[in-house]
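Asker: As a plain string of letters, each chain reads:
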Amino acid sequence: EDQVTQSPEALRLQEGESSSLNCSYTVSGLRGLFWYRQDPGKGPEFLFTLYSAGEEKEKERLKATLTKKESFLHITAPKPEDSATYLCAVQPIYNQGGKLIFGQGTELSVKP
Amino acid sequence: SQTIHQWPATLVQPVGSPLSLECTVEGTSNPNLYWYRQAAGRGLQLLFYSVGIGQISSEVPQNLSASRPQDRQFILSSKKLLLSDSGFYLCASHRDSGNTIYFGEGSWLTVV
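Top line first, the protein sequences correspond to chains A and B. Quick note, the first sequence lines up with residues 1 to 112 if you use the working numbering. Quick note, the second sequence lines up with residues 1 to 112 if you use the working numbering.
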């Protein structure tokens, strides 16, 4: 069964304290792996799509990496405005394009 | 990029009343459209998707239905709401070219 597991469920950091969020996945064939940021009461905001093991993408303080079994979202020197829930989702190769399988999310809190 | 509008943003409905949530997409044509539901503290669950006008596929059996009367309009409906229908409903749009999946701002439904 295809599934996505994110850890930790919640993460509290001090401003400037770098860390990583994990997304482990099991899927028969991977077309893409997506990372989204979601603020309370808002829709998910697209961050990255990764397609193959070894691929990396960066945006400001965020860097996403992908292996055959997991993805990491690295946050370097976070700021309070990085506080949000980060969602990981896989796009199986056999699925119609927008049918994603989501993890439960990691709630990140960055304190000044 | 695409913009997805959802309304209403928030509604409180009594058990047994009807429901209509609307989603419209700007900035693209012939998108694949999706309705997801997000229960509190949980990941997103796909409810319906549509690859074209009048074409609807249901992912889970439930009290809801969907319709696509126009290329960039997607509607989620119910004839009689249940308490378990409460949640955060998200509309999403995807096109194979670019393979990015965008979400709207969501509609909060509370059934009382």
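Wrong hints could be hidden among the right ones.
In silico contact screen, one side only, chain B against chain A (beta carbon under 7 Å); selected entries [what the hints assert, rightly or not]:
no., residue
1, Trp7
2, Gly27
3, Asn30
4, Tyr34
5, Ala40
6, Leu47
7, Ala92
8, Gly104
9, Glu105
10, Thr110
11, Val111
12, Val112
Since the hints were made in silico from the structure, they are not lab data. Just so you know, even glycine gets a beta-carbon here, dropped at the ideal spot from N, CA and C.
Asker: Take the hints in turn and mark each one as holding or not.
Answerer: We went through each hint and held it up to the structure:
| no. | hint | in the structure |
| --- | --- | --- |
| 1 | Trp7 | violated (13 Å) |
| 2 | Gly27 | violated (14 Å) |
| 3 | Asn30 | violated (12 Å) |
| 4 | Tyr34 | holds (5 Å) |
| 5 | Ala40 | violated (11 Å) |
| 6 | Leu47 | violated (11 Å) |
| 7 | Ala92 | holds (6 Å) |
| 8 | Gly104 | holds (5 Å) |
| 9 | Glu105 | holds (5 Å) |
| 10 | Thr110 | violated (13 Å) |
| 11 | Val111 | violated (18 Å) |
| 12 | Val112 | violated (19 Å) |
Hint violations for this structure: numbers 1, 2, 3, 5, 6, 10, 11 and 12, all remaining hints satisfied.
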